[in-house]
Amino acid sequence: MARVEAGASEALVSFLDATFAQVAAELAAPHDMDRDFLVEGMNLWLHHTFGTFQAAACLTRWGRDRAAAAELRDMWSWAGPQHRAWMVEQLNAAGLDTGRLFDHATTSGPPLPYRDHAGDLQPVRVPLSAAVAQAMLADYEFAGGRLVRAAVKHRARGAAPAEGSLAVAAGRRRFPHTSRRSSGDPYDRHWMGLPGHHFAFDRIDGFDLPDGGDGAEITLTGEPEFAFDGTAVTITLPLGRGRHASVRADGVTYLPRDLQWHLSGAAAAVTEVEPPQPTGRQVRRGAWQAISHSAPVRALVAVQHYTFQAVRTMRFPQLFHRAHLASAVAVCLGLPAATARIVAMGRGEQQRAAARRLLAEVWEVADDRGRDHLARVLSTYVPDGLDLVPQAAAHQRYRSPHVPVTADNGATLADPVDFTGGRVRLVEHCDDRRLEDASLVLHLEGRRRADGAAVVAVVEQESVVARELRHLPDSVLVGPPRWRTDDDGAVLTLPLSTGTWSCTSAKARWYPDPR
1 MARVEAGASE ALVSFLDATF AQVAAELAAP HDMDRDFLVE GMNLWLHHTF GTFQAAACLT
61 RWGRDRAAAA ELRDMWSWAG PQHRAWMVEQ LNAAGLDTGR LFDHATTSGP PLPYRDHAGD
121 LQPVRVPLSA AVAQAMLADY EFAGGRLVRA AVKHRARGAA PAEGSLAVAA GRRRFPHTSR
181 RSSGDPYDRH WMGLPGHHFA FDRIDGFDLP DGGDGAEITL TGEPEFAFDG TAVTITLPLG
241 RGRHASVRAD GVTYLPRDLQ WHLSGAAAAV TEVEPPQPTG RQVRRGAWQA ISHSAPVRAL
301 VAVQHYTFQA VRTMRFPQLF HRAHLASAVA VCLGLPAATA RIVAMGRGEQ QRAAARRLLA
361 EVWEVADDRG RDHLARVLST YVPDGLDLVP QAAAHQRYRS PHVPVTADNG ATLADPVDFT
421 GGRVRLVEHC DDRRLEDASL VLHLEGRRRA DGAAVVAVVE QESVVARELR HLPDSVLVGP
481 PRWRTDDDGA VLTLPLSTGT WSCTSAKARW YPDPR
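Taking my numbering, the leading residue of the sequence shown gets 1, the next gets one more, and so forth.
Please note that a few of the clues may not be correct.
[As the list claims (entries may be wrong)] Between beta-carbon pairs, the in silico distance windows are:
id, residue 1, residue 2, range
1, 22, 225, 37 to 43 Å
2, 231, 487, 45 to 51 Å
3, 234, 506, 30 to 36 Å
4, 447, 36, 25 to 31 Å
5, 244, 451, 43 to 49 Å
6, 309, 138, 46 to 52 Å
7, 485, 379, 33 to 39 Å
Hints listed in this document are in silico derivations from the structure and should not be mistaken for laboratory results.
The beta-carbon is built from N, C-alpha and C at its ideal position, and this holds for glycine as well.
Whole structure, please, built from the sequences with the hints as guidance.
In structure tokens:
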């Protein structure tokens, strides 16, 4: 009788190949990109790229399949419902029996809370209802918290409804033994366990943030208010001095982002949940030596691992270097399967020679931006890595494509792009205490005057004074953005179909996506 793990090694490597192909396809369509799904997938693979090649380093087919099956189960325990469905689709296409491997490999029905790799109950995104809001307010006190992020975006072309999100940090938890004041940033949850709350909206009818003020103006002074009117929901956040931030939208979903959520009353009320999955890496400790003691092989694995890290930077909209990331991903297309074959050779000169040849081939077919990525990985993460590809040592190092806005270039910086008729594709306001200052990021849709190619221009305004989103969701540009400088800093003006919009910041940066 065939073992459940049969073919797991080949399926795992095939899944890694499919992930690079999926990322390449997403990067090729910037206006329809599901950035959130892309970033979550990168987080998943950052924990499991090395384990994939550890499995390939086992000496026997039985050992490789058993180690790969353990890696897949561990990956399954880390993944949320959306990525579990993606895993099932890709692994089934590779011929693996995921139903037997995971025991609960089903995508039917609503998503349920799940157990993570440590066995703790993890929440999933759910539609916001009166009961969900009541449970949230029972578990968290919001006075003293902060409005951390507010975003409005258009994913599709045309007059599609605007999507959006809010990220709010609670002041403290109400449930026992975990009550401590937060610093106000839900994105610090990974290393500080702060209580954060994320709301996403499918169709936004109105989105108002108050103008002016400093960072203290977005400190919550009371509890959020929720009004439910059929399918529409209105969320109002009290910000003090009689000021409020509010959003009205349909299709509202909620996700608590709190490492302590499994101790909350909402988690205790969960009666149906997927049983914990068997996890743990069953790879012999010595198997990794076949990789770690071979610099060329280690370089191949590092290039793939740190490509996921590079793509993950897209979680920050100001780092929307899509063309650069596309070149980095192109370097890795087809690389997982070739690397796995080389790893399986075992330690020896034949393995090292094959890895060097593969690195040279990758360098030859890469474009300049792909070579930037390859040289950066080799010089940063692999000891003496530049010796493996001699041409990389003299290659131009990566430099940020952002251009600082100054008094000299502010009036003409956007001239090479025709923005007339383009949309304000994304607006994201962030008041992140780790960054010390508030910032506003805009994605503007346009076309290069030289060849008519589509462009996504990224505008970042730092230390923002004006915070108003109400005019932007349904607006179309009727001219280029312009900057002027005064005593307060850089003043950005956008000529829109709904009127002129402007904001003031201490400094600004500009980046037109070159593809």
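Evaluated hints:
1. 22 <-> 225: 37 to 43 Å: 40 Å, holds
2. 231 <-> 487: 45 to 51 Å: Given a distance of about 47 Å, which is inside 45 to 51 Å, the answer is holds.
3. 234 <-> 506: 30 to 36 Å: 33 Å, holds
4. 447 <-> 36: 25 to 31 Å: With Cβ atoms ~26 Å apart, the hint holds.
5. 244 <-> 451: 43 to 49 Å: Holds, at about 46 Å.
6. 309 <-> 138: 46 to 52 Å: 38 Å, violated
7. 485 <-> 379: 33 to 39 Å: 37 Å, holds
In this structure, the one hint that does not hold is number 6.
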